[in-house]
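These are the residues of each chain, in order.
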Amino acid sequence: MMLALVGMLLLQMGAATRAIHDYNVYHPYTEIDSWMTGILIDNPDIVSIERYGQTYEKRDINLLRIGERTGAMKKVAWMDCGIHAREWISPAFCQYFIKQILQEYRVHGSRMAAMMKEMDFYVTPVLNVDGYIYSWLNGTRLWRKNRSPGTGSCSCYGTDLNRNFNVTWGTIGVSTNCCSETYGGTAALSSPEAASVTRYLEQRKADVLLFLTIHSYGQLILVPYGNPNLTAPNYGQLMKVGLAAAAEMKKVHGMSYRVGTSPDILYPNSGSSRDWARLAGIPYSFTFELRDNGTFGFELPEEQIQPACEEAYSGAMHIINHVHREQFNAAVSVATASLLGVLLATCVTVANNAF
Amino acid sequence: MRNSVPTSSIGKLLYSTNTTQQQQQQQQVSLDVDVMLTGELNPNHYPARRAAQVVLHHLNTRYGSPYWWGALRQVHKATAEALGDSGRKYSLEVTLQDQISGTKETCTAEVVFPGGPAGGPPQVTTSYEGKSEINTQAQEEALYNQYNTSQNLLSGHNLPDSYGHVAPGMEPFWHLGGVASSFVMLKESSENTLYNMAQVVSVTQLATENNQLRFNYDVLLHEMVSQEIIHWKLLASWSPQEGVKASQMELLPKCHHCEPPQEH
Chain A
26 MMLALVGMLL LQMGAATRAI HDYNVYHPYT EIDSWMTGIL IDNPDIVSIE RYGQTYEKRD
86 INLLRIGERT GAMKKVAWMD CGIHAREWIS PAFCQYFIKQ ILQEYRVHGS RMAAMMKEMD
146 FYVTPVLNVD GYIYSWLNGT RLWRKNRSPG TGSCSCYGTD LNRNFNVTWG TIGVSTNCCS
206 ETYGGTAALS SPEAASVTRY LEQRKADVLL FLTIHSYGQL ILVPYGNPNL TAPNYGQLMK
266 VGLAAAAEMK KVHGMSYRVG TSPDILYPNS GSSRDWARLA GIPYSFTFEL RDNGTFGFEL
326 PEEQIQPACE EAYSGAMHII NHVHREQFNA AVSVATASLL GVLLATCVTV ANNAF
Chain B
1042 MRNSVPTSSI GKLLYSTNTT QQQQQQQQVS LDVDVMLTGE LNPNHYPARR AAQVVLHHLN
1102 TRYGSPYWWG ALRQVHKATA EALGDSGRKY SLEVTLQDQI SGTKETCTAE VVFPGGPAGG
1162 PPQVTTSYEG KSEINTQAQE EALYNQYNTS QNLLSGHNLP DSYGHVAPGM EPFWHLGGVA
1222 SSFVMLKESS ENTLYNMAQV VSVTQLATEN NQLRFNYDVL LHEMVSQEII HWKLLASWSP
1282 QEGVKASQME LLPKCHHCEP PQEH
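Protein chains in written order, with our numbering: chain A, 26 to 380; chain B, 1042 to 1305.
Bear in mind the hints are in silico, worked out from the structure with no lab data behind them.
For each residue, glycine too, the CB sits at the ideal point set by N, CA and C.
Don't take every hint at face value.
Said to hold, decoys possible - Using 30 Å as the maximum straight-line C-alpha spacing, the simulated DSS-like pairs for lysine-lysine come out as follows:
1. Lys265(A) to Lys99(A)
2. Lys100(A) to Lys265(A)
3. Lys1286(B) to Lys275(A)
4. Lys276(A) to Lys1228(B)
5. Lys1228(B) to Lys1274(B)
6. Lys99(A) to Lys124(A)
7. Lys142(A) to Lys124(A)
8. Lys142(A) to Lys100(A)
9. Lys1145(B) to Lys1118(B)
10. Lys124(A) to Lys230(A)
11. Lys1118(B) to Lys276(A)
12. Lys1118(B) to Lys1228(B)
13. Lys265(A) to Lys1118(B)
14. Lys1274(B) to Lys1286(B)
15. Lys275(A) to Lys1228(B)
16. Lys100(A) to Lys124(A)
17. Lys1145(B) to Lys1228(B)
18. Lys83(A) to Lys1295(B)
Stated by the list, open to error - Coverage of chain B stretches by chain A, computed from C-beta distances (three or more under 8 Å per stretch; other residues unrestricted):
19. 1196 to 1209
20. 1260 to 1273
Work out the full structure: start from the sequences and follow the hints.
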């Protein structure tokens, strides 16, 4: 309701008075929030904002839903950024991604225009809002977790949201010490942020084709599972698509991204959002670890935002195109076969009637 | 190319050949995480990568300077073997890159992680013979002469800053911080760690002593496996002739109760 009123006010003021959003700098959360409103106002035909949860400090967790409105429930590609506060390139990528897909959509006859008829993109520019805001304060740039307080005798803040999902929770690659960067929480989904994602997607999971969660750094594409005792049933396919995406990414600026399960190429872990998505039945689930390899680490220079986003976009789009093709071109083939069958039957009938 | 199959103490195996990354990935089988692998390792997997990172820390302590700062770019081959007294040795072929000039080199190396209760830092030997193409001599001498003074001692902080920027003129001292941190990262490394320097919190020049420029560094290291940010202080001394040395390395405790005030 509030958003609609704000929207109307801004429309009256004229969209032209709003400053152009600079995609090549890092933005504090208030600016990202304003930008989201601006995206909505500029694209009311295909964008809506959905508030699907609240952080520990009671801030809204919002996603942008982008796609043509058909009235029916459509298939979904999910992307979330900023689950770890210090990984600033991640929310920057979500902003870039949204800008790109909207730009491509507006090109008449483009592939994106066709995709948006059949699919919706659900993009959360900043999932860990409290943590991200905290990382903008003096002296806490390298904060990772959310901002829930410690419990019992442990006075440190923060749960690692990517160890808090309900999939082999608390088993490996996680700490029970609340002062630790990989503290998994008091229980699975003890964090309101992880609980919000889970609750929201549980209801829709049958329609979710793809789950992409964006992190930094390390230049990796991780496939499920983080727990080495689990193997995804479509592991081979996930690797094939992931390796092809990495090959596309390398073409953009020559950067190498390694592909594999987390226990193989990074470290074992449990309770990750990527693992939860795969276990929930979402067939394609990937973690992207963006630039760089440790030179700047979490403090990737702003001059690298654009190239980092360009290569990540090509990787993400490769996966999205594959997932879309698999889902909808197969449907097209079935429809075509049915049509041919009808035509053939008609010809035979006509032929029979002719004699 | 024939697959070489390593030995492993428990069941599951991991093997690789001289094939493309894609083929290597497709040949892998599942890993029992507690198994310490021996034999040929997948060069894209974490055990080889962690050992290779240790090689880079070693090379930086030997060859690093304000104008040469090496980073790992690729692992081509890796094998591991168990030694007596539970030590383990990795043999590696890696490509490293000077992060300043971009020059790449390939070399072989051996990393021994000592076992036993005493532990101790890894021991590294390499075939690397020193920077071949880029001659940093002139730049190093110029920097040395510029700062070999008792006046206007240098100081700086947050290299890089929150936005990834390093203040103009401070880049050599960011590089020097990275190289000096390599002494700490080398001695702290094990098969269960992967270190990078996250940030120089502060650098303060002290008076030159024994012809070495000297700087107090306050650095934050990022340890990837635990995801911890670890705070170290150290004294870095440098001259073009002697290279970089680090001393008085001190771990500072993680400050749990130094939370800055909330923004609201």
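Comparing the hints with the structure gives:
1. Between Lys265(A) and Lys99(A) the alpha-carbon distance is near 26 Å, which keeps this suggested pair within the 30 Å criterion.
2. For the hint pairing Lys100(A) with Lys265(A), the CA-to-CA distance comes to about 22 Å; that is within 30 Å, so the pair holds.
3. Note on Lys1286(B) and Lys275(A): the hinted pairing is violated, with a Cα-Cα distance of about 37 Å set against a maximum of 30 Å.
4. With a CA separation close to 38 Å, the supplied pair Lys276(A) and Lys1228(B) exceeds the 30 Å bound.
5. Distance hint between Lys1228(B) and Lys1274(B) is fulfilled; the C-alpha atoms sit about 14 Å from each other, no more than 30 Å.
6. This hinted pair checks out: Lys99(A) and Lys124(A) have alpha carbons roughly 21 Å apart, not beyond 30 Å.
7. A hinted pair counts as satisfied when its Cα atoms are at most 30 Å apart, and Lys142(A) with Lys124(A) qualifies at roughly 18 Å.
8. At roughly 10 Å between alpha-carbon atoms, Lys142(A) and Lys100(A) fall within 30 Å of each other, so this suggested pair holds.
9. With a C-alpha separation of about 17 Å, the suggested pairing of Lys1145(B) with Lys1118(B) holds against the 30 Å cut-off.
10. Proximity of Lys124(A) to Lys230(A) is assessed by CA-CA distance (about 26 Å); at most 30 Å being required, the pair is judged to hold.
11. The suggested pairing of Lys1118(B) with Lys276(A) holds, with an alpha-carbon distance near 24 Å, which does not exceed 30 Å.
12. Taken as a hint, the Lys1118(B) and Lys1228(B) pair is honoured in the structure, with Cα atoms around 24 Å apart against an allowance of 30 Å.
13. For the suggested pair Lys265(A) and Lys1118(B), the alpha carbons sit about 23 Å apart, so the restraint of at most 30 Å is met.
14. Restraint check: the Cα-Cα separation between Lys1274(B) and Lys1286(B) comes to about 14 Å, which is no more than 30 Å; the hinted pair holds.
15. At most 30 Å may separate the alpha-carbon atoms for a hinted pair to count; Lys275(A) and Lys1228(B) exceed this at roughly 34 Å.
16. Using a Cα cut-off of 30 Å, the hinted pair Lys100(A) and Lys124(A) holds, with the two alpha carbons roughly 21 Å apart.
17. Straight-line distance between C-alpha atoms of Lys1145(B) and Lys1228(B) comes to about 25 Å, which keeps the hinted pair within the 30 Å bound.
18. For the given pair, Lys83(A) sits about 28 Å from Lys1295(B) by alpha-carbon distance, which is consistent with the 30 Å threshold.
19. Taking a C-beta to C-beta cut-off of 8 Å, the segment 1196 to 1209 of chain B contributes 6 residues in contact with chain A, enough for the three needed, and the coverage statement holds.
20. For the segment 1260 to 1273 of chain B, the stated coverage by chain A is satisfied: 8 residues place a CB nearer than 8 Å to a CB of that chain, which reaches the threshold of 3.
Comparing the model with each earlier hint shows violations of hints 3, 4, 15; every other hint is respected.
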